[in-house]
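S.K.: Residue numbers (the numbering used here), protein chains in the order written: chain F, 1 to 170; chain B, 1 to 170.
Source of the hints: derived by calculation from the structure; they are not laboratory data. One thing to keep in mind: the hints can contain errors.
As the list makes no split between identical chains, a pair holds if one copy fits it or if it spans any two.
[Unchecked claim] The calculated SDA-like cross-link candidates involving lysine to any residue, where the alpha carbons are at most 20 Å apart (straight line), are:
(1) K160 with W38
(2) K18 with H71
(3) K158 with A64
(4) K86 with S25
(5) K154 with S15
(6) K86 with D164
(7) K86 with D135
(8) K160 with L43
(9) K18 with K160
(10) K18 with D87
(11) K154 with R55
(12) K18 with E28
Please read all numbers here as calculations on a predicted model, not as lab measurements.
2 protein chains.
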Amino acid sequence: MPGNPVLDAIRHRRSIRKFTDQDVSRREVKAVLEAGRWAPSGLNNQPWRFLVIRRGDPRQAAVAGLTKYGHVVERAATLICVFLDKDAVYSPMKDHQSAGAVIQNMLLAAHSLDLGAVWLGEIVNRGDEVVRALDLPDTLELQAVIALGRPDQKGSSKRKELGDLMLEDF
Amino acid sequence: MPGNPVLDAIRHRRSIRKFTDQDVSRREVKAVLEAGRWAPSGLNNQPWRFLVIRRGDPRQAAVAGLTKYGHVVERAATLICVFLDKDAVYSPMKDHQSAGAVIQNMLLAAHSLDLGAVWLGEIVNRGDEVVRALDLPDTLELQAVIALGRPDQKGSSKRKELGDLMLEDF
Numbered sequence: 001m002p003g004n005p006v007l008d009a010i011r012h013r014r015s016i017r018k019f020t021d022q023d024v025s026r027r028e029v030k031a032v033l034e035a036g037r038w039a040p041s042g043l044n045n046q047p048w049r050f051l052v053i054r055r056g057d058p059r060q061a062a063v064a065g066l067t068k069y070g071h072v073v074e075r076a077a078t079l080i081c082v083f084l085d086k087d088a089v090y091s092p093m094k095d096h097q098s099a100g101a102v103i104q105n106m107l108l109a110a111h112s113l114d115l116g117a118v119w120l121g122e123i124v125n126r127g128d129e130v131v132r133a134l135d136l137p138d139t140l141e142l143q144a145v146i147a148l149g150r151p152d153q154k155g156s157s158k159r160k161e162l163g164d165l166m167l168e169d170f
Numbered sequence: 001m002p003g004n005p006v007l008d009a010i011r012h013r014r015s016i017r018k019f020t021d022q023d024v025s026r027r028e029v030k031a032v033l034e035a036g037r038w039a040p041s042g043l044n045n046q047p048w049r050f051l052v053i054r055r056g057d058p059r060q061a062a063v064a065g066l067t068k069y070g071h072v073v074e075r076a077a078t079l080i081c082v083f084l085d086k087d088a089v090y091s092p093m094k095d096h097q098s099a100g101a102v103i104q105n106m107l108l109a110a111h112s113l114d115l116g117a118v119w120l121g122e123i124v125n126r127g128d129e130v131v132r133a134l135d136l137p138d139t140l141e142l143q144a145v146i147a148l149g150r151p152d153q154k155g156s157s158k159r160k161e162l163g164d165l166m167l168e169d170f
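This is chain F alone, in the form it adopts within the complex (with noise of 0.2 Å):
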């Protein structure tokens, strides 16, 4: 299928770590929110929330203390908190799912736009501590950080062949 597009922005992709010193417009941060919004959910519930923070906000460095990535969380030009709304919920996997559909959305937007993006998940370790740093409600839970910014590397990464993930020939 060459020459298709979103086939090859899903195959390109990468984890983005390292940002240079320049900005992320408010334009572009709004079209991969927007790529967030549009994600499919069970029941159409859409149970995420979403935070920003942008460079010069302290609380980016009030996140970067709670995680072992918060050299990438420092240099991002802006974050992007993902979370749930326990109100909204309908089922703990499904509703996992959905935000993995935002997330991967959100990430593909950013690709698509030339910035840098990461899925920061370990930072969910400390995901209640973070809610408190933020101040927002305990019915909130964090489901992932991505930290975007513009790209200083090329990213690589590497995925089994599909052969080791089918369960038969087809």
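We have chain F already, so just place chain B on it with the hints.
M.R.: Relative to chain F, chain B alone:
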């Protein structure tokens, strides 16, 4: 961001539950599976496993009998069953999120190929029965079934306004 095909695909993809009688080629199914394969996962553990059921396979009716959306399953040209390998998982939340990223990649890929697809989640309520009906090992946890075919409807869906999802202005 006019003319960005990735953002357009994310924005315009819809659940398609009605399919024509036309088949989906093996090449197209493979492109959808490849898109799933390139999803991100925590620690790059890639815990997902796939099973493809093509039209004419008696297992299609077996799966149809385990969901109230059996009419969608029966009319699909192809089913992609997505599982997690319990032996490969490391965090239920993060593994379910990555399954969501896989599924979203597959839905976007199908859309980009002018195929129709729907994420069937209700069937997960009987996931153990699906695993047994397909004669698969009980180390697999059903995540979703994607019904795939040539679209015979346009599909429609709505989302909350972005402002309703933001925890504060940005």
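S.K.: One pair to classify: K154 and R55, alpha carbons no more than 20 Å apart. Within, between, both, or neither?
M.R.: Classified as neither: same-chain Cα gap 22 Å, cross-chain 42 Å, threshold 20 Å.
S.K.: Given a CA cutoff of 20 Å, do K18 and E28 count as a within-copy pair, a between-copy pair, both, or neither?
M.R.: Within one copy, since 18 Å is at most 20 Å while 35 Å is not.
S.K.: How would you classify K18 and D87 at a CA-CA limit of 20 Å: within, between, both, or neither?
M.R.: Answer is neither; intra-copy 36 Å and inter-copy 33 Å both fail.
S.K.: If the cutoff is 20 Å on CA atoms, where do K160 and L43 land: within, between, both or neither? Let me know, please.
M.R.: between (32 Å within a copy, 13 Å between copies)
S.K.: Given a CA cutoff of 20 Å, do K18 and H71 count as a within-copy pair, a between-copy pair, both, or neither?
M.R.: For K18 and H71, only the intra-copy Cα distance (9 Å) is at most 20 Å; the inter-copy one is 48 Å.
S.K.: With 20 Å as the alpha-carbon cut-off, assign the pair K86 and S25 to within, between, both or neither.
M.R.: neither (31 Å within a copy, 41 Å between copies)
S.K.: Is it within a copy, between copies, both, or neither that the alpha carbon of K154 lies no farther than 20 Å from that of S15?
M.R.: within (9 Å within a copy, 34 Å between copies)
S.K.: Quick one: K86 to D135, C-alpha cut-off 20 Å, is that within a copy, between copies, both, or neither?
M.R.: Within one copy, since 16 Å is at most 20 Å while 36 Å is not.
S.K.: Under a CA distance limit of 20 Å, which applies to K160 and W38: within one copy, between copies, both, or neither?
M.R.: between (29 Å within a copy, 9 Å between copies)
S.K.: Should K158 paired with A64 be assigned to within, between, both, or neither, using CA atoms and 20 Å as the limit?
M.R.: Intra 27 Å, inter 35 Å, cutoff 20 Å: neither.
S.K.: How do K86 and D164 come out at 20 Å by Cα distance, when the copy is not named: within, between, both, or neither?
M.R.: between (36 Å within a copy, 15 Å between copies)
S.K.: I want to check one pair: K18 and K160. Are their C-alpha atoms no more than 20 Å apart within a copy, between two copies, both, or neither?
M.R.: For K18 and K160, the Cα distance exceeds 20 Å both inside one copy (25 Å) and across copies (33 Å).
In this structure, the hints that do not hold are numbers 3, 4, 9, 10 and 11, in rising order.
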